Amino acid sequence: MQLDRAALLDAYRRMRTIRAFELKLAELVAAGKMGGFMHLYAGEEAVAVGVCQQLRETDFVASTHRGHGHCIAKGVDVGAMMAELFGRATGCCKGKGGSMHIADVDKGMLGANGIVGAGIPLATGAALSAKLKRTGGVAVAFFGDGATNQGAFHESLNMASNWKLPAVYVVENNGWGEFTPTEFVIPVKDIAVRAGSYAMASAIADGMDFFDVYEKAGEAIARARRGEGPTLLECKTYRFMGHFVGDPLKYRAKEEAERWIQTRDPLDAFERRTTEAGLASSADLREIDGQVDAVLAAAVRAAEAAPLPDLAEVTRDVYVGGAA
Amino acid sequence: MTRTLGFGQAVNEALRIAMETDPDVILLGEDVAGGGARSGEDVDEMGGVLGTTRGLVKAFPDRVLDTPISEMGLLGTAVGAAATGLRPVAELMFIDFLGTCLDPLLNQAAKLRYMFGGKARVPLTVRTVTGAGMQAAAQHSQSLYWITAGIPGLKTVIPATPHDAKGLLLAAIRDDDPVIFCEPKSLLFSTGEVPEGDYEVPIGKARLAREGTDVSLIGMGATVRMCEQAADQLAQEGISAEVLDLRSLAPLDEEAILATLAKTGRLVVVDEATPRCGIASDVAALCVDRGFDFLNAPVKRVTAPHAPVPFSKTLEEAYMPSAAKIVAAVRQQR
Chain A
1 MQLDRAALLD AYRRMRTIRA FELKLAELVA AGKMGGFMHL YAGEEAVAVG VCQQLRETDF
61 VASTHRGHGH CIAKGVDVGA MMAELFGRAT GCCKGKGGSM HIADVDKGML GANGIVGAGI
121 PLATGAALSA KLKRTGGVAV AFFGDGATNQ GAFHESLNMA SNWKLPAVYV VENNGWGEFT
181 PTEFVIPVKD IAVRAGSYAM ASAIADGMDF FDVYEKAGEA IARARRGEGP TLLECKTYRF
241 MGHFVGDPLK YRAKEEAERW IQTRDPLDAF ERRTTEAGLA SSADLREIDG QVDAVLAAAV
301 RAAEAAPLPD LAEVTRDVYV GGAA
Chain B
1 MTRTLGFGQA VNEALRIAME TDPDVILLGE DVAGGGARSG EDVDEMGGVL GTTRGLVKAF
61 PDRVLDTPIS EMGLLGTAVG AAATGLRPVA ELMFIDFLGT CLDPLLNQAA KLRYMFGGKA
121 RVPLTVRTVT GAGMQAAAQH SQSLYWITAG IPGLKTVIPA TPHDAKGLLL AAIRDDDPVI
181 FCEPKSLLFS TGEVPEGDYE VPIGKARLAR EGTDVSLIGM GATVRMCEQA ADQLAQEGIS
241 AEVLDLRSLA PLDEEAILAT LAKTGRLVVV DEATPRCGIA SDVAALCVDR GFDFLNAPVK
301 RVTAPHAPVP FSKTLEEAYM PSAAKIVAAV RQQR
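For the protein sequence lines, the chains are A and B, in the order given. For the first sequence, the numbering used here begins at 1 and goes up steadily by one. For the second sequence, the numbering used here begins at 1 and goes up steadily by one.
Keep in mind that the hints were calculated from the coordinates and are not lab data. Here the structure is a predicted model, which is why all the values come from computation and not from measurement. Some hints here could point you the wrong way.
Covered stretches of chain B (chain A as the covering partner; in silico rule of three or more C-beta atoms under 8 Å from a C-beta of chain A) [unchecked claim]:
id, region
1, 91-105
2, 134-148
3, 178-190
4, 259-269
5, 295-307
6, 312-321
All residues carry an ideal CB built from backbone N, CA and C; glycine is no exception.
Go ahead and model the full structure; you've got the sequences and the hints to work with.
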């Protein structure tokens, strides 16, 4: 699928929204306005957006503890997300989920997840639903390099390949599993090779390059839609910030992070590529920057003014029919 | 000599002493070293997600093992190592992750000795963080010790003070049965008096945290402090509350519970966990079963509701037990 100008600008808007959203959250937490366990996606924007630009609203994605980017890329409303993170009644999960469980099933977003690897079988199940109900839908699991050491990863890939499910497994290999370098805990250099055990197609994309992710995700998603089975897509990327907000980052060499941030920023790469090709001008992008910042400022204002949840919510939604 | 230490520091000190005194003690878990501590670069290790094991990899480089994020593999490996001569301390980062790795505890560690006719020993300790209070939401805030406490073959302990954290952990590591050692999240940065040197707090013994005559408040982990706060408030109303800290959930110190009930005739049990099939219900059942003649009022349970832990601070506060809820329960008994 060729990207037209509107789609390109939309991709930039989403990546820029993710970046600004995450930086805003870091600021709000530091100011004591927001709490909870929070993991930021800055640096990995090209992966979520590159993949989700190839999806339909009715397709499903399952996410990770680092899930804000997947939400924004899949079209979840940033106002409802911001309200959720403030723990407000107007949040997309009524203030009951928070950062690690942020979700909007109506947008095909099956949730961030507090359990490493747990989204992988959920996406596999969404792919099974799509196949058996013949919806033509595709399900994407986003997960980190660390999650590929979970049984849930291997068990899911085996089933999905065996059943030729319309699934795409996107591993965001950012070089760090929490505080441990990936090479300390994974003996293979390319996680994509793990697909081999399951006779599954695989590909490796530069996760800092929107266009590379977009192209390779497009091939995988098209293969899934044609009924030709799942793909393991490894995106090599980098976590610009700590594992969680408040992470002192003493375990990671500063030069390593600075090198990635200075030379491999996916937003800079996108801008270089599009402006050099004459597809967009810097002025176009700065205009979007301004719009994004205004949207986020309004989201923060609205969330701060929004009501807190009713205390009766504590025991609501435990069961479909109400309280047990 | 005692000095003031944080709860996490007390745990760290116990681990260090256990490793110094027994070369078979190893630590394994996700990020228990963490970071580039082995890389030779000028970086520091994380020492666990909450920093509890910081410094240990430098002291015992071969015996502190970072595992992949593979709870099933790491706990199963720890069980196998325990059965064959090591004395592992495995870290399950949050007890919520029990969902990914129950089998090594439920069907292996707990049952090997029994199934093998007494020929196996599993001297395993599993350190894990429990409880709510940090807005960590539904999958990082649970108090699931009622699951492990209900499995024959496992022991489960939950200290309420840095003193007991150190002593109970040393006892747990040296115990020849598998012990689940719970570290309540809301206490990890609390401080208290901790003796220097090597000492153990016996598993299976409750601690009388405060003497009283009118009502017994039974707590565990983070709820002990809530019971003490409630006791302060009740004292102002002229009600003398005794506070018993269970410390050990399995085995349960039934005699200590019955002794305080015999003394006061009224009992409120306070648990951070959900109410069904839990420790609070066990204590209430014990009072009815073996302490019926002592009861001058119904036993009251103050627990979380039968619901997951909500994210929003407002909802989380409403969800958790509190001194105010304990005082209200005591008033209901009168």
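Evaluation of the provided hints:
Chain A is given as covering the region 91-105 of chain B, and this holds because 4 residues of the stretch bring a CB closer than 8 Å to a CB of that chain, at least three being needed. With 7 residues having a Cβ less than 8 Å from any Cβ of chain A, the region 134-148 of chain B passes the three-residue criterion, so the hint holds. Check on the region 178-190 of chain B: 0 of its residues sit with their Cβ under 8 Å from a Cβ of chain A, so the three-residue criterion for coverage is violated. Closer than 8 Å: that is the beta-carbon criterion, and the region 259-269 of chain B has 0 residues meeting it against chain A, so the requirement of 3 is violated.
Remark: the region 295-307 of chain B is confirmed as covered by chain A, as 3 of its residues place a Cβ nearer than 8 Å to a Cβ of that chain, reaching the required three. With 6 residues having a beta carbon nearer than 8 Å to a beta carbon of chain A, the region 312-321 of chain B meets the requirement of three or more and the stated coverage holds.
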